[in-house]
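Participant: The primary structure of each chain is shown beneath.
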Amino acid sequence: MDTDTTKVEVPINKDLQANDEYMRNLYKNCDDIKIRHFQFGSDYKQEALVVHCDSLVQEEKSNLLHQVIKDMPDFEAALSLSVSVQQIKEFFENKGVSSRPVMLLKNYNELNANIVNGHIVLIFDKWDLALSFDASSVEKRSVAEPQNEVVVVGPREGTIENLQKNLGLIRSRLKTPDLKFIFKQTASKSNTKFVYGYLDGTVKKEMLEEFESRINKIKQEEILETSYIAELIEESSVTPFPQYRFTERPDVASASLLEGKIIILMEGTGTIVICPGLFNEFFQSASDYYQRSVFSSIIRLVRFVGFILSLALPSIYIALTTFHSELIPTVLLIALLDTREGIPFPAIIEALIMLFFFELLQEAGVRLPKPIGSTVSIVGALIIGEASINAGLASPIMIVVIGLTGIASFSIPYYDFGFAARLLRIPLMFLAAIMGGFGLFLGFILIFLHLSKLHVLKEPYLGTFTLNSTSLLKDGFFRLSLKKLLKHRSTGKNV
Amino acid sequence: MQKLIKYMVASSLLFLSGCWDHAELTEYVFVQSLAIDQKKDGRIQLTTQFYKPAPKIASAGGGGESYFELETEAKSVFDAIRDVTIHLGRKANWGHVRFIVISERVARKQNLGSVLDFFFRDHEPRLLTGVAVTEGTAADYIKVKPHVENTVSEQLNEVTKTGSKFSAKTYPANLFSIGKQLHSEVDTVYAPFLKKEKDREKSIYVDGLTIFKNGKLKTIISNKETKSLMLALNDFQFGIIGITCKGSKLHESFEITESHTNSSLKIKNGVVHYSLQPKLQASIGELECSTIETKQQLEVVHKKLEKQVNRNMMALLKQSQKKNIDMIGLGNHIYRSNPKEWQRMKKEKVPYYKNAVFHVKSEVNILNTGTDISKPFHKKN
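Going line by line, the protein sequences match chains R and C. Here the first sequence stands for residues 16 to 510, numbered as in our numbering. Here the second sequence stands for residues 102 to 482, numbered as in our numbering.
Some hints could be false.
Distance condition first, Cα-Cα at most 27 Å in a straight line; then the derived DSS-like pairs of lysine-lysine [what the hints assert, rightly or not]: (1) K104/C to K210/C; (2) K299/C to K325/C; (3) K220/R to K473/R; (4) K303/C to K367/C; (5) K468/R to K107/C; (6) K210/C to K468/R.
The set of hints was computed from the structure by calculation and includes no laboratory data.
Take these sequences, add in the hints, and give me the full structure.
Facilitator: Below, the structure is given as structure tokens:
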């Protein structure tokens, strides 16, 4: 549309007819924008223009100007039987009270912004201001349990696509003025609100400054989802490791605020970004804190092992069978020999084929509708797996290795962190196939070097792994009892 | 440019190091066991048993033996080993050799160290590979069908290990123990002795111990003697000790569940006094003629057992002194406690071992009588 209008602030014309034309011109072919004339006052001589977006405003009563006029305190209307522009003007300019929040708009930019945000805008004849009422009511689903972060014990609330509700869900958990929410606006086309929040006093100052300097650079970008913001402000786009956590649980978001994190929310999406996300935090799940610490600690260890298996199991297998057969216990080696005999491919090719197969199944399973999805997993995993063994394409042990690798990556609570393992698995396999255990450890060292170089919002990615930090033992590999953990937190140190 | 060279040098460090012995499992055949024999003309006959992988795919059928043997002849062991490659299309891998059997003939004629030299030198064979000496041709022993295990090599390995652990009737010799013993002051080497019954399949068994001196087989001792030797070496784990009942042919047996032998060494006037004090915990295995209902009766049984143990040990020691074979490694003890004295003794004309005085004093404690307490089961009140 007219780009000029967004740049120059043109005040609203006093002439209603001119406004009418301007509006109709601007919203040409936008059939969901309704522009209506309205007469009111004594003998219906006063004229007004009502503009609203039909698809955003669905409350029946808000559609009626009468209702708006009625909202004006009765005594005003009672004084002079009819309402004139002058009276409305005086009322809103001087007293400024109505039952609904109302805004006075001065120029066309504001006008347009309000219309597309689901406000009802009233333009009166002979008045250079316009009234705007928030009547936005797009259908949103109700608060439901998040599907990706299911817990056995704990709140079942998940965020929805409504920003206000989501903020409310968090605010209701942290009832303190220290909890700050700062609103921001995306670029002109999407024109969506997003919010970042933090707990004043808990959050590290340098981290917040760094974050704000980055978020302030977002001006021209059209953003539809919080993950856009995460990617726009992230440190390194090349690393396979995610630097921000995503959650749909308000309790997780609140807990992370208490830990001194910054969260980003956005209108139209339920995904909350928690930044920065450090390495060991990706192994923590909300349910860890709702279950007893002993159990949680064991589960944590299982996840760490799962990550390493998911990262390196195929490469360990390749390294062992092609370079270090003497390291395999004899009885196991005999079992391996029996299964490997007659397989036409070298171990690396066999592993790559099966791995590709697994990824294919996984991707197909995600895409397909639920009723067919299960068929794919049955046909894929059972029949093709069994058949490829019988056909001599793959050895049963390789199927076990790849199956275990695939399953292990799902043990990590954050799906996108599992991607890192899935991605790094392949180069590790090649290193193992070329240089055996030496190559494997070369790969490990490179990964470790990369991780230790990585910073998120000036926080080292492996920060919890430093020697003087006990937090890794307290809430990293293990989850200490809340008695100790919460005492630690309340002393102000970051966990 | 300089940067490029730097990177090239740095990356060559990565890519030129490491093991370049890349080979798929299917490129190897894995050696399971070896039998070393000597032909009449003095050439070494090497019988190598390989594992033959049998794909366990339903459609492929499979079946057949899971091993095969290959015989090669050469002047030396290594030469014979190298000849394996001219018979097989695959590389032989020595990393999983389970057992090496040497025929008695080779053991008596050749130096053990030189026969096994290759296995100590090469990087593939493991030092924990078991070693045994066989009665008759060694090759026959690895051609026997196994009872339970996949291959007879595995069975031999297990037999020597569990046999020595639970019956103390042999010593679990492996390349490591042999290497260690060969390099000690008194190079007494112990290796299990394998026997085979004639005209019967699957009939190989361990029977006693062969004892090497100066790298050559000197004597073979029986099962019973082995137990005493193990006690003297403080290597006795579990085993059974029997006593004959007075005046009858009945036997009573006791299981030794725990044992520890204290030994002490004294040299008086150039004569070595060596005292051995085995402390044994026993439980009753079978009772035939003794009853243990009172403390006194228990003491009697204790005394009987102690006497038996002492007698057995003294018999072995006397016998070894007669043959002048330092079976218990007495020289090593002397060397450790008194190296100077040992240097002198080593050169003496009258061997230290022949003159040594042994003091054996065992102590037995019966802890467990089993469920039918204190008297033979068949005896009614």
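Participant: Output the indices of the hints that this structure fails to meet, ascending.
Facilitator: 1, 4 and 6
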